[in-house]
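Chains as they are written, first to last, in our numbering: chain E, 1 to 315; chain R, 1 to 315.
The set of hints was computed from the structure by calculation and includes no laboratory data. Hints are all accurate, no fakes.
Now the stretches of chain R that chain E is said to cover, found in silico as 3 or more residues with beta-carbon under 8 Å:
# : segment
1 : 162-172
2 : 179-187
3 : 240-252
We put the beta carbon where it would ideally sit given N, CA and C, even for glycine.
2 protein chains.
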Amino acid sequence: MSATSKAAIAAVDWGTTRLRVWLLDASGSVVDERRSDEGLLIAQHKGFAVVLDRHLQEMGAPAALPAIVCGMAGARQGWIEAPYVDVPASLADILGAAVRVPSAGRDIRIVPGLAQRSARTPDVMRGEETQLAGVASLIGSGSHVVCMPGTHSKWVIAEGGAISGFGTWPTGEMFSVLSGHSILRHSIGEKPAAVAPDNQVFRDWCQEALFDGDIAARLFGIRAAGLLNGLGPDDAAAALSGLLIGAEIASATRRFGRRGAPVVLVVSGSLGALYAEAMALDGIAVKIADADQAVLAGLVAAARRNKMLTDGEAR
Amino acid sequence: MSATSKAAIAAVDWGTTRLRVWLLDASGSVVDERRSDEGLLIAQHKGFAVVLDRHLQEMGAPAALPAIVCGMAGARQGWIEAPYVDVPASLADILGAAVRVPSAGRDIRIVPGLAQRSARTPDVMRGEETQLAGVASLIGSGSHVVCMPGTHSKWVIAEGGAISGFGTWPTGEMFSVLSGHSILRHSIGEKPAAVAPDNQVFRDWCQEALFDGDIAARLFGIRAAGLLNGLGPDDAAAALSGLLIGAEIASATRRFGRRGAPVVLVVSGSLGALYAEAMALDGIAVKIADADQAVLAGLVAAARRNKMLTDGEAR
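One chain only, chain E, in its complex shape:
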């Protein structure tokens, strides 16, 4: 019997630019996985059902295998809209509000995103709520700040199994548009090297930004440091990265306060080291969780909450 024939459910993280599919057995363990760049932007054109069916078929999954999905597939412009759940909301209620895709050849449910309907800080997320559910055991009880860095970094207040509020800092996107389309493209060049967390330029610019969170006052300084002080392209990229990450941390801790307990940092790859370094510079203790593992654990939790997997077998 092949591994994939043991598959009991597919778990799908469908973002704007990325798609990840795992096949899980009845205990929630991974039997196969694959990644693709057929995120929302491509699936909108190819068709969500077509894309998912093809991946599952190529993975040798049974024809009627059910699937639990999170992320942008549930957006208005996605597969079907999974209406936002308003915060405050418990993680159990969020996962339980998964929406069934009608007339699909298999049982497909999409986890809803979250909306913060505030006049001063309106905000939305899709996908990170599932990551959060995946680190619920790490968070535990009490009031915790969770930081999920990325294109649109999310900071969340988690309190006793519920999400009470959150905010978005588009740090990754600002790095991309400013390094690619502003005057800083002359400073940074087309292919900056990856920024290392022990780069002193990263640290210096981060430290400055941690002080007051001010980005606009310092952006042009990267250009000027190139003209006046010979700051090279790789260090210019490090300066921009330090500036934006430091400002994000200053701004988010100003909004959410410092709560004594470590910040839970949910992140994958080299970005985690940059955020951990930046938080260390600010004297913030962190507990790191892998973002890829977190979303998978959250999808398993969502499958169980919706009776697509039985609770008992993995316990």
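Dock chain R against chain E, hints included.
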């Protein structure tokens, strides 16, 4: 005798994307003017001498007419490099450091830009120093804050005819790259209407940003306000404009302080009304000077300082 045959000098403001040429008589009065999009980016390829000679010829200027130039023509990648003058520096010394273009068919001098060689706030300007010289009489003595809004807004501390320090806030550029290349392009659309200073959305977002200067915490809120509250494209543009201008003012007044005297706002067109409204929201009194007039007056002052025009005749 035609008007242009009375020309005693050409005054040239040569920016990154724009070129303006005035013909002045011996008293410094304008006898003709024209505008072109042959800024640095185009003149680099066509040749600065070729571009200027053609405009002057088409304007009917005498063949050997001298020219006083400010702006990016003096950058390293410009016509010839007019090395930065370091601040603090007197306006008289800055104008007097104009550099002669060698082996041109006419007497051409380029006013240098300014450099602030600071480890924490390195900065440069080219062109605004000439605008400042043009509003010197408006500034008078004492210590004054001058705000020159634009693609790269400059804030300057002017003290008794000298520039003691300055900073750059790339507000116009951030509006352009964020509205055109970030997720906010979905909120704002391709052709947002011009923002009116009495737009309440502009005022609300400006007021919020004036409070703490925090841009990153609020950018994604424009997208969320579209998804949750139906904020339309024109209001989304107004929100981004208010957010960026408010944050600039909050940040610049944090760096330079509030000095009792009105802020001198050197600006042209509709942008002036937005900045004046934003400063009024912050309780800052302003004295407005037209930026086009200022640069022309500064070029006349530079021509006199370099004995290209005699002092007496305009007084």
